[in-house]
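Student: Now for the letters of each chain:
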Amino acid sequence: MRRVLSSAIYALSAAIGLLAFVYPFLLDARATGPLGIAHGQDAPLVITTLVGLSLVALLVELQGQAISAKMVAMLGVLVAITSVLRFIEVAVPMPGGFSPIFAPIILAGYVFGGRFGFLMGAFTLLVSGLITGGVGPWLPYQMFAAGWVGLTAGWLSRFTFHVSRSDILILSIFAFVWGILFGAIMNVYFWPFAVGAAGRTWRPGISLGETLARYAAFYVVTSLGWDLVRAVGNVALILLLGTPMIRALTRFQRRFHFEVRTAND
Amino acid sequence: MIDVRAWLLWALTVLVAASSTRNPLYAVLLLLITVVVGVTCMPVRSRQASLSPLRFAAMAVPLAALFNGLTAHLGDTVLFRLPDWLPLLGGPVTLEALVFGATNGLTLTVIFSGFAVFNQVTPVHDLVRLTPRAFHEAGVVLSIALTFIPQTTRSLTRIREAQAVRGHRVHGLRDWLPIVVPLLVSGLERSMGLAEAMVARGYGAIYDRANLPRTQWLLALGLFSLLGGWLVWLFLPSWKVPALGGIVVGAGLVVGLLWLAGQAVPRTAYRTHRWAVRDTLVVLGCGLTLVTVLLPLPLADRATLGYAPYPRLTLPPFDPLIGLALLGLLAPAVITGGPTN
Numbered sequence: 001m002r003r004v005l006s007s008a009i010y011a012l013s014a015a016i017g018l019l020a021f022v023y024p025f026l027l028d029a030r031a032t033g034p035l036g037i038a039h040g041q042d043a044p045l046v047i048t049t050l051v052g053l054s055l056v057a058l059l060v061e062l063q064g065q066a067i068s069a070k071m072v073a074m075l076g077v078l079v080a081i082t083s084v085l086r087f088i089e090v091a092v093p094m095p096g097g098f099s100p101i102f103a104p105i106i107l108a109g110y111v112f113g114g115r116f117g118f119l120m121g122a123f124t125l126l127v128s129g130l131i132t133g134g135v136g137p138w139l140p141y142q143m144f145a146a147g148w149v150g151l152t153a154g155w156l157s158r159f160t161f162h163v164s165r166s167d168i169l170i171l172s173i174f175a176f177v178w179g180i181l182f183g184a185i186m187n188v189y190f191w192p193f194a195v196g197a198a199g200r201t202w203r204p205g206i207s208l209g210e211t212l213a214r215y216a217a218f219y220v221v222t223s224l225g226w227d228l229v230r231a232v233g234n235v236a237l238i239l240l241l242g243t244p245m246i247r248a249l250t251r252f253q254r255r256f257h258f259e260v261r262t263a264n265d
Numbered sequence: 001m002i003d004v005r006a007w008l009l010w011a012l013t014v015l016v017a018a019s020s021t022r023n024p025l026y027a028v029l030l031l032l033i034t035v036v037v038g039v040t041c042m043p044v045r046s047r048q049a050s051l052s053p054l055r056f057a058a059m060a061v062p063l064a065a066l067f068n069g070l071t072a073h074l075g076d077t078v079l080f081r082l083p084d085w086l087p088l089l090g091g092p093v094t095l096e097a098l099v100f101g102a103t104n105g106l107t108l109t110v111i112f113s114g115f116a117v118f119n120q121v122t123p124v125h126d127l128v129r130l131t132p133r134a135f136h137e138a139g140v141v142l143s144i145a146l147t148f149i150p151q152t153t154r155s156l157t158r159i160r161e162a163q164a165v166r167g168h169r170v171h172g173l174r175d176w177l178p179i180v181v182p183l184l185v186s187g188l189e190r191s192m193g194l195a196e197a198m199v200a201r202g203y204g205a206i207y208d209r210a211n212l213p214r215t216q217w218l219l220a221l222g223l224f225s226l227l228g229g230w231l232v233w234l235f236l237p238s239w240k241v242p243a244l245g246g247i248v249v250g251a252g253l254v255v256g257l258l259w260l261a262g263q264a265v266p267r268t269a270y271r272t273h274r275w276a277v278r279d280t281l282v283v284l285g286c287g288l289t290l291v292t293v294l295l296p297l298p299l300a301d302r303a304t305l306g307y308a309p310y311p312r313l314t315l316p317p318f319d320p321l322i323g324l325a326l327l328g329l330l331a332p333a334v335i336t337g338g339p340t341n
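So the protein lines, in turn, are chains A and B.
So the first sequence is residues 1 to 265, counted in the numbering used here.
So the second sequence is residues 1 to 341, counted in the numbering used here.
I should point out that these hints are in silico values taken from the structure, not numbers from a laboratory.
Don't take every hint at face value.
[As the list claims (entries may be wrong)] Pair ranges (Cβ atoms, derived):
#, chain 1, residue 1, chain 2, residue 2, range
1, B, Thr153, A, Gly52, 30 to 40 Å
2, A, Ala216, B, Glu196, 47 to 57 Å
3, B, His171, A, Arg247, 23 to 33 Å
4, A, Leu139, B, Thr153, 21 to 31 Å
5, B, Pro298, A, Gly225, 44 to 54 Å
6, A, Arg251, B, Trp239, 54 to 64 Å
7, A, Leu18, B, Trp239, 16 to 26 Å
8, A, Gly225, B, Pro83, 15 to 25 Å
9, B, Leu79, A, Gly225, 24 to 34 Å
10, B, Pro83, A, Leu139, 35 to 45 Å
No residue lacks a Cβ here, since even glycine has one placed at the ideal position from N, Cα and C.
Assemble the whole structure, with the sequences as input and the hints as a guide.
Tutor: Here it is, written out as structure tokens:
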């Protein structure tokens, strides 16, 4: 029963997060008139509140499963290592959207599972935001999106064996897709409120097809080149670091399987 | 020293004020306010921002102007025309579109500048202390990560030096492999030692699982209510009241659970920060700005906030009352009076 409830909480908070990012695509022609305009005004407040609440609920659930000392320590140290990588990225600007933080998040989620991956992604963005001065209204969305990167990497491990070259190939494709998807998702959170040319901005009441076409035009013009660099960088890092990092993480995963019992047990 | 909660409210007020206007005069005023507050309140030794607001403005304003000028073919003052066969870019490039784009860049700069000040004036550990009690495990992870960052940086330097002694030089991405893998392994070894020490000291030994199913039920119910309420709000306009009810009930359940979970976690502080008069003054200053920007007050002309240069460029209007209300954001600078050690 606990597992079912836990899955339901994951699914519901993921649905709220997803809806917060993609709701402009779901509002079709029925939402024209005063309602549509009203949503254009109340949306930032409602969305930010809902994203915050679903992130809070997910963290309460993840903590409720009693995070062990082993998980806390490993998570803290891995987050520190990845945050240092982001610090290097900020200090030494790299081309386009290239960032060294996604490969460790993907590999950690892949080896330790979706729950660990979600926490690793969310905390990495939080801690690196704190040390690089990156705290801002974008942070909850970044935490959610990076958490999803780690979460989905954990699901991927069910279909592979952690040993073969084909696994690295699958992980590379996965990293490439997330390199693009992360940028596309992060754009959507502000796109409905962006102002600009009519062909590339959202207006309440337009159809799903028109919304997708407008967003595609906006994305191609503003972000595709930037995100492609990130996606290619992710692939390069997975090809380079994938095998040795998976080996190291798997070895420590086995070593962390110790259990402490009291004298009475 | 101003309380970190007052600073958080200040940064959020800058965000709300900047997002509420497209009038370049108000945007410039807000930018000047954030710069003055940053210069006045920034500690002498603070975290260095990776990018200063002025450098950000030097990039964001021209880029936004160029982008909007090339893609939004609106406005009467045509500067030149690009060939129509160019996809997206073809058409007239107008002065109005350039000005509107530059204003958008300016708004982004104000938001960036406000949060740059926030990041520089608030110590990281004060921010961690804002973590709700219910998230004490998340707080422990944060504390470990922040504590290990200097150690990890030192490890990185040591490993690079050791590899350099062996003749290793970093030229390309591949050359990072002999540095990153030892960094990862040494970090994991440290986490192993830390985990053993935590277990030996009884971390998590008194965890109470009795309330877990009830918490899970209520959380699931709260999220379901939030999601349902929001979907109804979006798609069924005639059910606005039940939709709002669903959102409020869901939010109440999640917040209530957070509060209850926090009550079960005792927290002690070696040095507590007391809320002082100066913090209240900062809150009042932010409140003045928020009320004027968000509420339809009879004396303030809020229409001046929504200036647009289309179809023909005119001078943006300026309401002195709104300008005065924005000066409420100067409260931290007035209270602090100069850089602190």
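Student: Taking the numbered hints from earlier one at a time, note which ones the structure violates and give those numbers from smallest to largest.
Tutor: Every hint satisfied by this model.
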